[in-house]
Amino acid sequence: MNSIFNSGHTACAGCGQSLAARLVLEAAGPSTIIVNNTGCLEVFSTAYPQTAWGVSFVHSLFENCAAVASGVEGALKYLGTKDKINVIAQGGDGGTADIGLQALSGMLERGHDILYVCYDNEAYMNTGVQRSGLTPFETNTTTSPIGSCSIGNLRPKKPMPEIAMAHGIPYVATASAGFVQDLQRKVKKALAIKGPKYIQVHVPCPLGWRHESNKTIDVGKLAVETGLYPLIEYENGQLTGHKTITPKPVEEYLKVQGRFKHLMNNPEAIKAIQAVADNNIKKYGLKVEAQSAA
Amino acid sequence: MKEFIEGSRAVAEVVKLCKPGVISAYPITPQTHIVEELAQMVANGELKSEFINVESEHSAASAVLGASAAGVRAYTATSSQGLLLMAEVVFNIAGMRLPLVMTCANRAISAPINIWNDQQDSVSLRDTGWIQLFAEDVQEAADLHLIAYKIAEDKSMMVPVMVCMDGFILTHGIENVDIPTQEQADKFLPAYKPLYKLDVANPITMGPLAGPDYYTEARYALHKTLEDAIHLIPKVTADFAKVFGRTYNGLVEGYHIKDAERVIVAMGSVCGTIKDVIDELRAKGKKIGLLKITSYRPFPAQAIYDALKDVPKIAVIDRALSLGSYAPLASEIKAVFFGKKKKPDVISSFIVGLGGRDITKDSIKEVVRLLTAKEVTGEFIDLKPELLKENYS
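Just so you know, the protein sequences line up as chains A and B, in that order. Heads up, the first sequence is in our numbering, so the first residue is 1 and it goes up one at a time. Heads up, the second sequence is in our numbering, so the first residue is 295 and it goes up one at a time.
Honestly, the hints are just simulated from the structure, not real lab data. Keep in mind the model is a prediction, meaning the values are calculated, not measured. For every residue, glycine included, the Cβ atom is placed at its ideal position computed from N, Cα and C. Among the clues, some could well be false.
Claimed, not checked - If the Cβ cut is set under 7 angstroms, some of the chain B residues that face chain A in the computed set are:
(1) Ala333
(2) Ser353
(3) Leu359
(4) Leu492
(5) Pro497
(6) Thr499
(7) Pro502
(8) Val630
(9) Gly649
For reference, chain B alone in the conformation it holds in the complex:
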């Protein structure tokens, strides 16, 4: 049934359909509405779940780690500083192969402190061993949670999934959303049956010390599983389409790229704005397209290559920085084409929308204007040079 609801509530409704036995979270803007909604559902008896109010994000991640180790489907959500505070647990969860799902309401990182949206938080934790899926709109953000549990709990995976949704823009944005029925959700996502759990009858040791003789293989196995996820993700989204009637690729999605002379590559809600600009420019006969990256980890290099190999000019939009180096997404897009015969003539890189600076249609048009034969690297859009002037008298 379609409802006109806030993104956070849509996510909470879908998480409820996933029936997590344990939810643990610590409040941080702009994630709060999601966990408030879930707490209310538990308080109302609509959701049978243990809701653990912890004293930090480090403990939120640790509590869901424990719940998952004990054999129960569990859920947490965070943002920004919260994600950084739980960073060591985030690595640990993946290393322990626990199939948790977490929402990251993407927000800028301090300093300066800033509660608004960019993607520096998730991008900074790209190497943790979590699958990271970026949502374009509220419907996709909600749907990705069902998809995330299905991927995470697949017996060939047993890896955690982070659903990344732009803070405020998606968490607080109100859209017309199709919330699935419990029957549909149950059909797609059956009750969780753990491969291993802390069991009194069959004791196991989890989280042991692994010395030089074993550590490499444990990490190799996790790495290979993440790579294997590239093949699983489209299968899961295809299953999703059968039950819910909504089609996602889960890795990358093209918009008008078949005949495109210029393609913008981006992640998250900015893709919606880019599509509007493309529609306008296409009406004027300009052959522009979009490649939306849904799966940032695993990085779908082959799918990106296939989509962009014949496109003359590429603009990569990053909403995060790798300070002192190439922009994170741009450097990986370039890596896809290194040493390849077929490749774009130009891969230009743009930094847009940090700390909640609005990305308007004009911002995107500026990217298009600057996407010429002259390749640019790490070009900031909408930068205010007047703020950078300083007198040292």
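Chain A extracted, bound-state conformation:
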């Protein structure tokens, strides 16, 4: 093996998570230990006797990477090597925002020197596209299916960055597989800060979102450019960074994905999603014009 995250693994073509995971690790560098929840990433990268990982990697269970990483960090502190080694705990959106939220909260509250990375592909993709707490409003998934009484997922995304920030941790950011340099800059910045850090990376999933596998980057960019996935940074509780956009209508993002196909003849439903984007744009001051006027 010559790379710290090697090709030849079994991710789907166009997988946003495999791209983001490589970018995160390359930004972190070889002096890193990865602690991974169960999920697509772990499954496609560690099918014994092969591994894609050129750094030390440990997977235990679905929901406990934050707690396992706490133990790894404790051990490194005991051994006196923590300052030289990055500990990254990482999982998907279900493993982070749903079943793993308690362990994550504990890790953040206790102040461990760990970077937590949530790869947010907005559903349980490894088990077949079931709805998670980070599935967006009105998304068609296998457990929030459309039907005569349903237009998909009933609830907006759980505000994980705010939940992480409420723990009083020094650094929280969102990033996207569509904005590579931004993602890597945030990983480097986070790792330079001592204490718990949380980065949530939006990672398009061609299989679950039903978009063309060569459009992963474009779809990722559109989520940001419509205001549906604001790229923000909080340092010590203060909003210190946000990517400004010239907002595109959400329809441009929705229409390229099968998971939103049912909304295309439903202007009211699209309006509701546009309201989510508009709220983000207002809340974080994402609009370019708003910036120059200020």
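Given the coordinates of chain A, assemble chain B onto it according to the supplied hints.
Then chain B, alone, in the frame of chain A:
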């Protein structure tokens, strides 16, 4: 040096001697005194260890898993619901071959909620791949922690060990205990050198996915290692005796079984009460004995066979249930003799002391009284029939 101290403190003192680099725990009665003592030792600077206060037992087990994967000796303790909450991690630790040691302060399982002692918690997790050693008294509970690390970290093992001690009876019982010196402990249990660890210089992948082509062999290997532990455990206890002067078999221990016509089989602190009853009955000329099971996993079938094959009548005491089936220990004792030529005429099974109901000498005498030519199965001792009457008018 002998000290008159509480069981939990004795365990904490011995765990301290084992020098765990990471301790992680979540409070649950009756385990709390152990981890409180350890937290105080860390706070006082007497023990150099990272003490991680987690938000659940699931995370306590996960944190020590991570610490062990990173190459450090680690420790946790729990009870009852806590053990059940960490159950999936408990399986995972054994499957990952991490040599952790955990104390289980044995307590009943809800519902109804009950904080008192029986052994349903540990017994319910017998199939996790952990070695389970049951202590009879405080001294043994304390000593078993040194023995546990020595077994777990043996390069032929790399399996975790659960030291099971009866909640309250042993955790809160005060006994005269010989706490070893650090020098003795270091001689017996050298600093931990992991076979594998999460290392930046030599990267490894731990906890990979194993499909149908590999899973069976991973489980087979763990199973075989547990079986091999039957041979290692007595060697480790023999080494222990050389350093500390206290002799344990580690698998099973007989008390007056050579000439016994009736033998009671049991695990844990009830063995002390049984010994007292045996002394009384022996004084009256009754040939009664005890076979104490220390190692429930691995199950020492051969040692049990050798000890009991010539005994006419056996009474097995269970402090846990397999609801809707035979009592857990009794069914395994019976399995030992299935198809054998030499075997007891009677193997009767008794359920005693659930949810902290006292097991008195009279309870044991009742077991002895019922151990006749007529075999009984799952007979509850000290049951209150008046509480089972209900009117559906």
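Query raised in the report: Against the structure shown, which of the earlier numbered hints fail to hold, in ascending order?
Result: Structure breaks hints 1, 8, 9.
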